[in-house]
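Asker: Residue strings, one per chain:
2 protein chains.
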Amino acid sequence: MTHNHLRSLLFRQLFENVSSTYTYVLACTASKEAIIIDPVLETVDRDSKLINELGVKLLYALNTHVHADHVTGTGELKKHFPLMKTVLANKANAKSDLQVQHGEKIDFGRKSLEVRATPGHTNGCLTYVLHEDRMAFTGDALLIRGCGRTDFQQGNARTLYRSVHQQILSLPPDYSLFPAHDYSGLTCTSVEEERNFNPRLTKTEDEFIDLMKNLNLPYPKHMEYSVPANMVCGIYDLMDEKTRKTVEQSLEEHN
Amino acid sequence: MTHNHLRSLLFRQLFENVSSTYTYVLACTASKEAIIIDPVLETVDRDSKLINELGVKLLYALNTHVHADHVTGTGELKKHFPLMKTVLANKANAKSDLQVQHGEKIDFGRKSLEVRATPGHTNGCLTYVLHEDRMAFTGDALLIRGCGRTDFQQGNARTLYRSVHQQILSLPPDYSLFPAHDYSGLTCTSVEEERNFNPRLTKTEDEFIDLMKNLNLPYPKHMEYSVPANMVCGIYDLMDEKTRKTVEQSLEEHN
Chain A
1 MTHNHLRSLL
11 FRQLFENVSS
21 TYTYVLACTA
31 SKEAIIIDPV
41 LETVDRDSKL
51 INELGVKLLY
61 ALNTHVHADH
71 VTGTGELKKH
81 FPLMKTVLAN
91 KANAKSDLQV
101 QHGEKIDFGR
111 KSLEVRATPG
121 HTNGCLTYVL
131 HEDRMAFTGD
141 ALLIRGCGRT
151 DFQQGNARTL
161 YRSVHQQILS
171 LPPDYSLFPA
181 HDYSGLTCTS
191 VEEERNFNPR
201 LTKTEDEFID
211 LMKNLNLPYP
221 KHMEYSVPAN
231 MVCGIYDLMD
241 EKTRKTVEQS
251 LEEHN
Chain B
1 MTHNHLRSLL
11 FRQLFENVSS
21 TYTYVLACTA
31 SKEAIIIDPV
41 LETVDRDSKL
51 INELGVKLLY
61 ALNTHVHADH
71 VTGTGELKKH
81 FPLMKTVLAN
91 KANAKSDLQV
101 QHGEKIDFGR
111 KSLEVRATPG
121 HTNGCLTYVL
131 HEDRMAFTGD
141 ALLIRGCGRT
151 DFQQGNARTL
161 YRSVHQQILS
171 LPPDYSLFPA
181 HDYSGLTCTS
191 VEEERNFNPR
201 LTKTEDEFID
211 LMKNLNLPYP
221 KHMEYSVPAN
231 MVCGIYDLMD
241 EKTRKTVEQS
251 LEEHN
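Residue numbers (UniProt numbering), protein chains in the order written: chain A, 1 to 255; chain B, 1 to 255.
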């Protein structure tokens, strides 16, 4: 977040307070090429304004996965930045401009994100790692002192446990981790902290599976239209009519 | 926020969602000595837990000023960290363990914050600058695309305008700026951005004064007990009985 010009990364963390979602803007300060991770429909105007003020060129809008608790802003962002490409995992079986898989790189200017498959919350969950800046964007796979739920959308606790341990907590201890959500005002964590203090992921695999089985969480309120909307990256023209109307109405109520 | 170990700064931004306040924890990773800026009463347990998990030693709890919209957490933090010292500006005319003034340094390990007087929102407003990490903590003097109000607590728009221009926007353009509040989910900004896009501070001094005169904002809801509580850094034993009881009751309702 500091030394932006020297380190040539421009970084902004943004918060959407209804779904408690973090959106991230990253840009290479040398080339001004930029990406956005997990934008939210309701905050697209804020994010577009910021992107324009920062004077960066938005190449990609990445979703870490098909969210169930809010509608992605990637569709609406395309209206502001028509050349921008939406990105999802190929394993999401969804519609996006680009479908990426484990091991691929996503380049913006001199920067390069490594794509890591971290399924378990959903099949298509991705973690994006920016090695040279020692940071990773974990979506809902790993939250600060928590993790995404595993009780719907192909959720599988054993898969999630292995993803987090093999792909995220195996990174160097000082790597900063940025989740898709936080509900208590924390903004980031580190590999070391989560290895030591994550109350779920420090358990054994079997204990973790047991714990996840018994969370008894209510279903997300807007899941019935968020999921189909996000399966097409929030592009109105690709939604079925009922979904589109519900999304439009929900946005209207918010504004 | 990244390169923590190499750059030897551990940095955490924390958000309190009732008063939309940002709290900051900074530590020198070499010595583990740490400070906290603008803690909030309601989130002291969260912050104490994090400080303990990070394994750092809290030297100082700094308030950028005597807040009017929430009760500082510095008093409650002293119960968790008895050796920690509270800090306010000498110009605040308040009770704190340390009273600092323009030009002083606050050291923690190998790190050193420069104290800059930035009055205008209140007489005792301070901005803390961490030059080697190219970041500054501006309190309510400068907010992201905004600034603190100037209609109570010794507020003076002309003074604020000069403070911000002479002490904050005169820093190098790439310095990151971290405010005490944000109400739209933005987490930080830069000197360059605010020089170009702050809708208030890019005006002339006279236009700014005019604008600030006509904001017609409602008074902060909890001002009548927040200000006297914060004038003693939130230390219960130093509050008058009515203030202490109101603060205790408000905290109880929150929990």
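Any given hint could turn out to be false.
Note that identical chains are pooled: a pair holds if it fits in a single copy or bridges any two copies.
Stated by the list, open to error - With a Cα cut of at most 16 Å, we get these calculated EDC-like pairs of lysine to aspartate or glutamate: (1) K91 with E205; (2) K95 with D240; (3) K105 with E252; (4) K32 with E193; (5) K57 with D210; (6) K32 with E248; (7) K213 with D45; (8) K49 with E193; (9) K32 with D174; (10) K105 with E224; (11) K105 with D69; (12) K203 with D174; (13) K79 with E114; (14) K105 with E132; (15) K91 with D174; (16) K213 with D97; (17) K245 with E192; (18) K57 with D107; (19) K105 with E53.
The hints are simulated quantities; they were obtained by calculation from the structure and are not laboratory data.
As the structure is a prediction and not an experimental result, all values here were calculated from the model.
Asker: Now, for every hint given, state plainly whether the structure supports it.
Answerer: Right, here's what the structure says about each hint:
1. K91 with E205: neither (24 Å within a copy, 56 Å between copies)
2. K95 with D240: within (13 Å within a copy, 63 Å between copies)
3. K105 with E252: Neither way: K105 and E252 sit 37 Å apart in one copy and 50 Å across, limit 16 Å.
4. K32 with E193: The answer is between: 15 Å across copies meets 16 Å, while 32 Å in one copy does not.
5. K57 with D210: For K57 and D210, neither the intra-copy (46 Å) nor the inter-copy (37 Å) Cα distance is at most 16 Å.
6. K32 with E248: The answer is neither: 32 Å in one copy and 50 Å across copies each exceed 16 Å.
7. K213 with D45: neither (39 Å within a copy, 29 Å between copies)
8. K49 with E193: Answer is between; shortest inter-copy Cα gap is 12 Å, intra-copy 34 Å.
9. K32 with D174: Only across copies: K32 and D174 sit 15 Å apart there, 27 Å inside one copy, limit 16 Å.
10. K105 with E224: neither (32 Å within a copy, 55 Å between copies)
11. K105 with D69: neither (27 Å within a copy, 46 Å between copies)
12. K203 with D174: neither (21 Å within a copy, 43 Å between copies)
13. K79 with E114: neither (27 Å within a copy, 44 Å between copies)
14. K105 with E132: The answer is within: 13 Å in one copy meets 16 Å, while 32 Å across copies does not.
15. K91 with D174: neither (29 Å within a copy, 40 Å between copies)
16. K213 with D97: neither (35 Å within a copy, 50 Å between copies)
17. K245 with E192: neither (45 Å within a copy, 41 Å between copies)
18. K57 with D107: The answer is within: 13 Å in one copy meets 16 Å, while 40 Å across copies does not.
19. K105 with E53: Cα proximity of K105 and E53: none, with 27 Å in one copy and 34 Å across.
In terms of the numbered hints stated before, the structure departs from hints 1, 3, 5, 6, 7, 10, 11, 12, 13, 15, 16, 17 and 19, listed from lowest to highest.
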